[in-house]
Amino acid sequence: MSKIMQQDIQILPVSTIKAEEERILFLQMNYARGKICQVRRRLLSNTKGFPKEALELLQWHKKQLDARNKITTANMGLVFNMAKHVSHYDMEFNDLISEGSLALLHAVEKFDVSRGFKFSTYACRSILRSFSRITKRQNRYRSIFPVELEFDMEKGDYVEEKRQEKQLALAEEVHAILQRNGADLSPTEKSVVEMRFSLNQKGLAKLTLKQVGEELGLTKERIRQIQNKALLKLREATEQQTAAS
Numbered sequence: 014m015s016k017i018m019q020q021d022i023q024i025l026p027v028s029t030i031k032a033e034e035e036r037i038l039f040l041q042m043n044y045a046r047g048k049i050c051q052v053r054r055r056l057l058s059n060t061k062g063f064p065k066e067a068l069e070l071l072q073w074h075k076k077q078l079d080a081r082n083k084i085t086t087a088n089m090g091l092v093f094n095m096a097k098h099v100s101h102y103d104m105e106f107n108d109l110i111s112e113g114s115l116a117l118l119h120a121v122e123k124f125d126v127s128r129g130f131k132f133s134t135y136a137c138r139s140i141l142r143s144f145s146r147i148t149k150r151q152n153r154y155r156s157i158f159p160v161e162l163e164f165d166m167e168k169g170d171y172v173e174e175k176r177q178e179k180q181l182a183l184a185e186e187v188h189a190i191l192q193r194n195g196a197d198l199s200p201t202e203k204s205v206v207e208m209r210f211s212l213n214q215k216g217l218a219k220l221t222l223k224q225v226g227e228e229l230g231l232t233k234e235r236i237r238q239i240q241n242k243a244l245l246k247l248r249e250a251t252e253q254q255t256a257a258s
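With this note's numbering applied, the sequence shown corresponds to residues 14 to 258, in that order.
These are computed hints drawn from the structure, not numbers from a lab. We put the CB at the ideal spot given by N, CA and C, even for glycine. One should not assume that every hint holds.
[Claimed, not checked] Label-pair ranges, simulated between beta-carbon atoms:
| no. | residue 1 | residue 2 | range |
| --- | --- | --- | --- |
| 1 | 65 | 89 | 31 to 39 angstroms |
| 2 | 201 | 32 | 17 to 25 angstroms |
| 3 | 115 | 75 | 54 to 62 angstroms |
| 4 | 67 | 115 | 24 to 32 angstroms |
| 5 | 200 | 93 | 14 to 22 angstroms |
| 6 | 40 | 200 | 57 to 65 angstroms |
Just need the whole structure built from these sequences, with the hints factored in.
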């Protein structure tokens with residue numbers, strides 16, 4: 014699934030506070046945010062009053078965080094509700110909760126209460142966008158680093174020939190990622206990935222688990238374990254790079 018549409022999900026009333034109470038919390042948060050800006054300006058222009066101004070800054074900052082946390086906590090049910098409805102799309106539930114929680118926090122920070130819209134509607138869109146992003150990202154990682162690495166190719170040459178073009182293109186991409194993240198792999202892990210994807214000799218079919226095992230003096234199952242661990246390392250390193258960019 015490359016895209017999650019809002020109509021695919023039935024949004025239930027999951028906020029634990031009333032709309033008017035929520036509106037007041039947003040107003041309190043925004044007011045505290047404005048006071049923080051005022052105090053910061055005074056701090057920059059008057060260093061003599063630093064202790065008093067600093068204490069006031071901390072007090073307003075606490076009020077802002079308290080209001081934000083109340084809004085976020087009251088609407089966390091929205092994240093769980095939406096995650097349950099998309100978790101069947103081959104997505105990890107915990108990953109959805111983590112991504113959705115960050116999106117909810119971002120929505121709280123960006124929501125303009127003066128426009129009169131319901132916050133749940135605004136937050137829903139933000140959470141859905143975050144689910145779509147993580148879905149696209151994980152689908153891409155799985156295509157680059159399939160942990161199972163096509164076990165059926167061990168059954169014969171037909172599957173290898175049928176998918177040769179795709180595998181060669183995949184090998185080039187894996188090679189580029191391996192070069193960027195090679196320091197994270199042990200020498201054995203790097204060797205296994207290189208031989209499985211035929212990264213050292215372009216144009217040759219990648220070796221099977223059994224063939225790699227014979228080269229390294231290890232069993233087929235042990236090579237599978239090393240391979241999977243290496244691919245997961247590469248996937249994690251790529252996720253961190255994507256998040257940092």
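Verification of the supplied hints:
1. One distance hint, 31 to 39 angstroms for the beta-carbon pair residue 65 and residue 89, holds here, with the actual separation near 37 angstroms.
2. Take residue 201 and residue 32: their Cβ atoms lie about 59 angstroms apart, and the range 17 to 25 angstroms is violated.
3. Between residue 115 and residue 75, the C-beta spacing of about 22 angstroms breaks the proposed range 54 to 62 angstroms.
4. Between residue 67 and residue 115, the C-beta spacing of about 30 angstroms keeps the proposed range 24 to 32 angstroms intact.
5. Under the hint 14 to 22 angstroms, the C-beta atoms of residue 200 and residue 93, about 44 angstroms apart, miss the expected range.
6. At roughly 60 angstroms, the beta carbons of residue 40 and residue 200 sit within the given window of 57 to 65 angstroms.
The structure fails hints 2, 3 and 5 (numbered hints given earlier, in ascending order).
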